[in-house]
Every structure is written in structure tokens, then in C-alpha cells.
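Asks: Kindly generate the complete structure, drawing on both the sequences and the hints.
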Amino acid sequence: MTTMTMVKALNEGLRRVLEVQPKSLVMGEDVGRLGGVFRVTDGLQKDFGSERIIDTPLAESGIIGTAIGLAMRGYRPICEIQFDGFVYPAFDQLVSQLAKIPNRSGGRVRLPVVVRIPYGGGIGAIEHHSESPEAYFAHTAGLKVVTCANPNDAYWMIQQAAAGDDPVIFFEPKRRYQAKGEVDTETSELDLYRARTLREGRTATLIAYGPTVDVAANAAAAAAEEGLDLEVIDLRALSPIDWDPLFASVRKTGRAVVVHEAPGNIGVGAEVAARVSEECFYSLESPVLRVTGYDVPYPASRLEDDYLPNLDRVLDAVDRSLEY
Amino acid sequence: MGDTQRPAKKTAKSRPKPASTNEPAFVQLLTPEGQRVKHPDYELDLTDDEYRGLYRDLVITRELDAQGTALQRQGQLGLWPSLLGQEAAQVGSGRALAPQDTVFPAYRELGVQWARGVDLISSFALFRGTDLGGRDVAADRFNMYAIVIASQTLHAAGYAMGIAMDGAVGNEDGEAVVVYHGDGATSEGDFNEALIWAGVFNSPLVLFCQNNQYAISETNARQFRLPPYRRAEGFGVPGILVDGNDVLATYAVTKAAADRARRGEGPSLVEAYTYRMQPHTTSDDATRYRDAAELDFWRAKDPIVRYRKWLDAEGLADEAYFASIDTEAGELVRELRARVMALTDPEVAEMFDNVYAETPQEITAQRAEALEFQASLDDDHEGSDAR
Ligand SMILES: Cc1ncc(C[n+]2csc(CCOP(=O)(O)OP(=O)(O)O)c2C)c(N)n1
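These protein sequences, in sequence, are chains A and B.
Using the UniProt record's numbering, you'd call the opening residue of the first sequence number 1 and step up by one each time.
Using the UniProt record's numbering, you'd call the opening residue of the second sequence number 1 and step up by one each time.
The reader is advised that the hints may include incorrect statements.
Stated by the list, open to error - Residues on chain B that point at chain A, a partial pick, calculated with CB under 8 Å:
no., residue
1, F127
2, I147
3, Q223
4, E319
By construction, these hints were calculated from the structure, which means they are not laboratory data.
Even glycine gets a Cβ: it sits at the ideal position worked out from N, Cα and C.
Replies: Right, here's the structure in full:
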């Protein structure tokens with residue numbers, strides 16, 4: 001076990017990928033000499049050369065489009081989109097090309113492309129630097145979507161994502177980048193597409209992912225002081241979602257609250273609520289509730305604390321669920 | 001790979017000369033040493049007051065920008081993208097425009113904003129995080145900052161198209177549009193589409209590229225093989241390369257391009273060859289990708305030093321004048337600083353405003369819910385205070 005930040009864990013994970021997989025490439029804006037604006041790729045160009053760690057022209061559609069071509073040629077690109085709000089120029093290449101070409105080809109073409117996207121708010125940034133666009137991609141058949149919540153997962157999930165043959169959109173919660181955690185560099189306990197139960201409880205189930213896992217865990221700790229026994233699940237994969245542990249948990253607790261930063265409207269939480277209602281109808285004591293960003297554009301940073309789900313809002317939802 | 005090309009070598013002088021002699025040359029009217037040089041195509045005949053005014057703009061721009069950096073360091077702004085070194089590109093081009101012209105900036109255009117007489121506070125509010133930089137853009141004829149690289153180039157192309165459709169071009173009173181963007185922006189699809197549009201519709205658009213040599217850490221070598229002013233030609237849009245650290249040249253070249261646009265003769269691209277003296281923003285560490293020698297090289301090309309030398313030599317301004325500008329800049333800085341510090345946090349309700357022209361019931365309900373929740377927390381706090 002080693003203690004490291006999520007940035008370091010991702011960096012180490014990428015190193016492992018580059019070492020074991022000679023066809024893997026890292027490409028994106030400023031990922032080379034600078035080491036990325038968050039330093040996730042720090043030192044990689046020095047160690048693996050500028051042909052494998054590629055500073056690309058400033059064009060997101062170009063990054064994903066050429067990654068597709070490189071993948072067709074046998075390479076395994078790991079792309080970086082500098083910030084969540086800058087993935088949209090690549091939308092066609094992601095949604096109409098990367099997601100669909102393998103299917104169109106009748107399975108003859110595989111596109112092992114990983115797209116890393118630092119996402120979410122809470123860092124006091126200007127506009128377009130705090131968004132949570134995961135629902136667009138989770139809605140797109142052909143893409144897998146995952147997100148890590150701690151350094152250990154960051155370390156292993158990036159390696160597992162790069163090892164598979166499907167395109168993976170890999171969301172990294174940037175406000176957790178500097179948080180430290182234990183990393184087991186010897187063995188990974190979980191598959192990429194499995195959810196994790198962080199905390200067991202009987203009163204209600206909190207379902208979170210990425211940056212809100214910590215929020216949910218803190219809420220559960222606070223609730224424990226008031227005698228409430230909350231279960232906390234980190235989804236980890238948003239597409240496909242690992243449903244069984246979710247259903248099992250809700251059948252046990254009878255109550256669920258989903259927490260994410262993205263707006264609630266037609267979001268991941270809506271899908272979770274719908275599926276839980278379908279599968280756990282007779283176990284539910286109250287409707288599945290959501291604590292999410294509001295259905296407005298991400299606000300100016302001085303308002304973000306009021307926009308983002310926080311401990312108070314999560315506990316309020318738990319109260320409402322219990323009072324139902 | 002291209003990384004072996006050291007940025008320090010990429011100077012105006014060592015830049016490969018265009019293959020064809022028909023190519024426009026690097027337009028320069030004032031050398032780094034402050035020598036006035038003649039150019040066959042670009043005459044400039046300003047009044048003494050106008051010449052002095054440019055100096056005033058350059059100095060004030062530099063000081064206000066430095067205050068942006070200072071305010072960020074002191075925790076008053078979340079971020080600041082400094083324009084240090086690019087003052088001449090911005091002041092010269094901004095001052096060259098007519099009152100009826102419209103500007104689409106990127107995010108580093110404080111000098112253009114100043115030169116256009118637009119209140120600067122919106123840019124500080126944006127970087128302070130108290131709002132999203134909104135203003136009355138129609139009245140200001142200066143659009144909101146564009147953070148998404150190159151997005152504004154298409155907006156400007158469309159706006160210019162509308163001007164032509166309105167018949168508001170064709171003579172001296174015609175309207176022109178100037179869109180500002182960086183060298184990195186030229187790689188985005190949007191930028192190239194803007195060139196297509198402007199060319200095909202012969203729109204009154206000037207694309208003003210501040211080639212400050214960097215897109216964060218990446219040099220020109222990662223954005224193009226042929227400089228933007230030459231690429232424009234391929235789109236049927238005339239391109240002009242100008243010394244971006246020469247305020248007289250940027251003024252003359254932009255004026256010619258904007259006048260051409262307003263007369264209905266179509267778009268053009270001005271590439272201002274300049275240098276970003278500060279890191280990309282206050283969040284950046286430029287020591288990771290460039291060295292001190294390169295900075296020294298460009299410091300010797302400082303836009304203000306050469307202009308001051310020339311004014312002095314021409315007898316257009318004296319020490320007393322220069323001192324008075326320093327004093328005025330100091331006052332403006334103090335005034336701005338006070339206004340920035342006075343920008344308070346917005347109300348929670350504001351994030352629900354203006355999302356739509358006709359607000360859906362659902363948003364109104366969420367607004368009420370958010371306010372109610374906030375009030376319940378405030379009650380709790382008051383309760384605990386009382387105890
Ligand atoms: C679409 C998009 N991609 C990435 C970014 C992140 N980013 C911000 S500024 C910048 C470099 C811009 O370089 P350039 O266009 O040369 O302008 P400069 O900052 O040098 O003025 C990048 C990559 C962004 N803002 N928008």
C-alpha cells in the first residue's frame with residue numbers, strides 16, 4: 001500500500017499501461033512537455049518519448065477523430081480532453097463515430113480508445129470548467145462510461161479501461177485530484193464495471209459516483225451520529241451500470257437517494273430511479289429521491305456551493321425519504 | 001518530431017521568408033529601437049493627440065492588466081489571463097475601429113476592451129466568479145468573452161453576414177466586425193469554418209489573430225506548418241502579417257482591413273506577430289516549457305518602450321507627459337481595484353434567471369425550492385447562534 005493523490009495514481013496507472021502495452025499512446029492538448037494542466041501526464045513524455053505522448057493541435061474533434069484512425073491502424077490511444085466543457089467540439093466523433101463504427105463494421109473493427117475527461121465543479125473555476133456531461137455519453141450506445149472516486153480506483157480503473165477493446169469515456173473528478181488515499185499497487189479487488197459498497201447500512205441507500213461519493217460518505221458519517229445507518233454505493237460505471245448490488249441494497253433498506261452534480265433532468269439519477277422502481281417496487285418504502293445540480297447552466301463560481309449537492313442537501317433528502 | 005524545434009529560435013527574423021514574393025511582408029512602421037520606417041502600403045497620419053493617446057492606452061492597459069494579476073494573487077480573482085506583451089496588438093487594432101464596428105473578443109482582450117471604451121468591470125467579474133461576464137453587448141458593440149476556443153469566430157462570421165444582408169456595408173459608414181483569436185485557435189474546426197463562411201459570403205469580417213507564440217505550452221509548430229496569414233489565402237481571404245508589438249503598424253493594418261470590410265470588399269485576416277510575456281494564466285507554470293533567454297529576446301521588443309522612444313524623439317511627448325500618464329494609470333488602477341473588491345457574491349436566485357426567455361414552471365419551482373432550502377439552513381444557523 002502506498003499513499004498518493006488521485007493525480008499521482010492516474011499518472012502511475014498510465015505508466016503501467018504504457019509499459020505493458022507498446023501500442024498505447026497518450027494524446028491531447030499540453031499532455032507532453034507540460035504534463036497536462038493537472039499534471040496527470042507529468043513526466044510521461046520524458047520517459048516514453050514524444051511519439052507516444054503526443055501534444056496535439058488544439059482541436060478536440062481532431063483528437064478523437066485521429067484517435068479513431070490510429071485505433072483502426074492498431075494503436076490504443078488514451079486521449080485527454082483538457083476540461084469537461086471542451087469535449088463538445090468532439091461530439092460527432094464520439095457519438096456518431098467512436099460509438100458506432102464497431103457496430104457498423106459487424107464487429108470487424110474494434111476501437112480501443114480511452115477518453116479521459118477531468119469533470120465536475122467545486123474548484124472555483126470560470127465557466128465551461130466545471131461541467132458534468134456524463135449523461136450525454138451514458139445515453140450513447142457503444143460507449144462505456146466510468147468514473148473513479150479515489151486514488152486506488154483511479155490507478156486500477158485507468159489500466160482496466162485501457163486493457164479493454166471497447167471505447168471508454170473515463171471521467172475524473174477534478175476536485176478530488178489532490179485528495180490522497182491508499183493505493184494497492186499489487187492487486188485490484190474490483191472489475192472496472194462493478195459498483196462498490198463503501199459503507200453498509202440498513203436505513204437507506206445513498207447512491208453516488210465520482211465527486212459525490214465523498215459527499216455521500218460524509219453525509220452517512222454525519223447521519224450515523226444521529227443514529228441513522230446509511231448504506232453508500234459508488235456506481236463507478238455509469239454505462240453499463242452494475243445493477244445487482246444496487247437492487248440488493250434497496251431491497252434491504254427500502255429507500256434510495258441518488259446524488260450527482262449533473263443536472264437532474266434526464267440524468268443518470270433518473271435512470272437509477274426508474275430501474276430501482278421497476279425492480280424493487282415491493283421493497284420500496286418511499287420514492288427514489290435525487291439530489292443533483294439544478295436544471296440551469298453551471299453558475300458563476302461564487303454560486304457553486306449552492307448549486308452542488310452537499311451534505312445538508314443529502315441529509316435533507318434522507319429525512320424526506322424517511323418521513324415519507 | 002516537431003518538438004525538436006526550439007521555440008527560442010522562432011523569432012520574426014529567423015522565420016522562413018515566404019516562398020512567393022507576392023506574399024505580404026511583415027508590416028512594421030516602428031522598429032524595436034523606436035525608428036519610424038515607411039511602408040509602401042500603410043501610411044499613417046494621426047494627430048499629435050492621437051499619437052499621444054495610443055501611448056496612454058498602452059500604459060493604462062498594461063497597468064490594469066498587472067492589477068488583474070495582482071488581484072488574483074491576493075485571492076480576489078479566481079484566475080487572470082495576462083496580456084502583458086500584447087498591448088500594441090490590442091490597442092492598435094482596437095483604436096483603428098470606427099464607432100459602428102463590432103468586436104468579438106476571446107478572453108485576453110482587456111486592451112481592446114479599454115481601447116473601445118467599454119467598461120472593464122465585466123471581465124473582472126467573470127474572473128472573480130461573481131457572474132458569467134454578461135453585459136449589454138449590443139450597446140457596447142463588444143461581445144462577451146469567449147472561453148471555448150474559436151467558438152466566437154463563427155459568431156462573428158454570422159454577425160458579419162447579417163450586416164451584409166442588412167445592406168450595412170458599401171461605404172465609409174459601413175459596419176465591420178473584428179474577431180480576436182489566438183494562434184492555437186486556428187486549429188479548431190470552428191475557425192476554419194469561419195474562414196469558409198466569411199469568404200463564401202464575402203462578409204465584412206476581420207479575423208485578428210494574435211500569434212503570441214503559445215497555446216498554453218504548445219508552440220506554433222504544433223498548430224500549423226504554414227502561418228495563419230498564409231492559410232487564409234487558401235480560403236480566398238487575404239492575409240496580412242504585422243509586427244504585433246508595433247502599435248502604429250497594428251493600427252494601420254487593422255484600419256485598412258476594417259475599411260475594406262465596411263466598403264463591402266470582403267473579409268481579411270490580420271496575423272499580429274507578438275509574444276505572451278506572462279504564463280498562459282495565473283494557473284500556469286511557464287517555466288516548464290520555455291526559458292529565460294526567450295523572454296529576454298522578446299523583452300527587447302517591448303511595445304511600450306519603442307513607442308515611448310519614438311514619441312520622445314519626435315518631440316510629441318516629454319517626461320512631464322509620461323509622468324502624467326503614470327499618475328492617471330495609478331488612479332485608474334485604484335479605482336478599478338476598489339470596484340472589483342466591491343463586487344459581491346450573487347444571490348442564489350440569480351442562477352435560475354435568464355436561462356430561458358419564457359421560464360418553464362419547473363425552473364420556477366426549483367428556484368423556490370433552492371431558496372426555501374437556503375432559508376431553512378439560515379434558520380438553523382440562527383437557532384444555533386441563539387443557543
Ligand atoms: C475548445 C477548447 N479547448 C481547450 C480549451 C483550453 N484552453 C484554454 S486557452 C488554450 C490555449 C489557447 O491558445 P491560443 O488560441 O493561442 O490563445 P492564447 O491563450 O495564447 O491567447 C486552451 C487549450 C478551451 N478553452 N477551449
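Asks: Can you give the numbers of the hints that this structure goes against, from lowest to highest?
Replies: Structure breaks hint 4 only.
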